[in-house]
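Enquirer: Sequence:
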Amino acid sequence: MRSFTLLFAISGIVLGSPVPQAEGMGSATPAAPGLPGGLSLPPGITLPAGFDPSMINPEAIGNLIGSIPPGFLESITSGGGLGGLDIGALLGGGGPDNETPVIIAGYTATSEKEKALDAAIAAIPATGDATASITSVITAAKDVITSLKDGTTKVSAIGTVNLVASSGLTAPGAELTDLFEKTATALAAKKDVVVKAGKKAEVLEVAKGIKEAVKGFTDVIEKHLPPLSKDAAQTEHAKGLASADKIITAFS
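FYI, the numbering for the sequence shown is -16 to -1, 1 to 236, going by mature numbering (1 follows the signal peptide of the UniProt record, and there is no 0).
Derived by calculation from the structure, the hints in this document are not laboratory data. Take these hints with a grain of salt, some might be off.
[What the hints assert, rightly or not] Within a straight-line C-alpha distance of at most 27 Å, the following computed DSSO-like cross-link-like pairs (lysine-lysine) qualify:
(1) K133 to K230
(2) K138 to K184
(3) K192 to K138
(4) K214 to K184
(5) K99 to K192
(6) K138 to K207
(7) K199 to K180
(8) K175 to K97
(9) K138 to K180
(10) K195 to K99
(11) K133 to K195
(12) K126 to K180
Since the model is a prediction, treat every value here as computed from it, not as a measurement.
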């Protein structure tokens, strides 16, 4: 019963609505616009874009804290209480966002290497000796692999990504996915030229290397995401693996 009461009280804090009070205790009133009730955010913490601080009900926060039985918060954030729901794990880490910049840096660095790879593929001539151009493609592809592995190493050292902050991963992640798809389509279209130059086996080998590196990078990212963010990330990451498979199929 206390679990239900606590959750109801939490909704009062977020929505700025009064929390039901016992007779004689008075009632909470919605906070005024701005940062209400003298509340202040800890250093490094910012509210999500578009969030209205007036929705926070400071009196309800005080009432909530006073109504929490000893040990209750510890139980629900360690996998107990509320039927084993681990709220801490569900929402991810709080505090300053030190995690998403690392992931975004990995996405961005690899995107730059992908752009260089795309340029190298575009430079493969349709006729004549393409050996040197294809060698440049293979070198650029190896640079992509190196970037992915570097990103994997760096991301493996971070903590759990904050749920709100994880939304910032969408755009750079999607950009890299689009570049992977562009690369796969462009390189597959050059298959005949690659085969004629005797470079089929080398391109196939580097394509397999990219797939392995993509999987390593995306797996470690997903490991550090809060549960509510994982499904979307897995869907996007699967597209990158599918692009590598497209190249592998073309040159097998």
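Enquirer: What's the verdict on K138 and K180, does the C-alpha distance respect the 27 Å limit or exceed it?
Expert: With a Cα-Cα distance of about 40 Å, the restraint between K138 and K180 is violated, given a limit of 27 Å.
Enquirer: Starting from K133, check that the Cα of K195 is at most 27 Å away, please.
Expert: Holds, at about 11 Å.
Enquirer: Regarding the pair K138 and K207, is the alpha-carbon distance no greater than 27 Å?
Expert: holds (13 Å)
Enquirer: Hint check: K133 vs K230, CA-CA at most 27 Å. Holds or violated?
Expert: holds (21 Å)
Enquirer: Given the hinted pair K195 and K99, is their Cα-Cα distance within 27 Å?
Expert: Given that 27 Å is the threshold and the Cα spacing comes to 17 Å, the pair holds.
Enquirer: So if I understand the rule, the pair passes when the alpha-carbon distance is 27 Å or less; does K192 with K138 pass?
Expert: Measuring from Cα to Cα gives roughly 22 Å; hence the hint holds.
Enquirer: Within a Cα-Cα threshold of 27 Å, do K214 and K184 meet the stated pairing?
Expert: violated (36 Å)
Enquirer: Under the criterion that the straight-line Cα-Cα distance not exceed 27 Å, is the pair K138, K184 satisfied?
Expert: violated (33 Å)
Enquirer: Hey, K175 versus K97, does the alpha-carbon distance stay inside 27 Å?
Expert: holds (21 Å)
Enquirer: CA of K126 to CA of K180, is that 27 Å or under?
Expert: holds (22 Å)
Enquirer: So if I understand the rule, the pair passes when the alpha-carbon distance is 27 Å or less; does K99 with K192 pass?
Expert: Between K99 and K192 the Cα gap is close to 19 Å, so the pair holds against 27 Å.
Enquirer: Would you check the hint for K199 and K180, treating anything up to 27 Å between C-alpha atoms as holding?
Expert: violated (30 Å)
Hint compliance for this structure: hints 2, 4, 7 and 9 are broken, all remaining hints hold.
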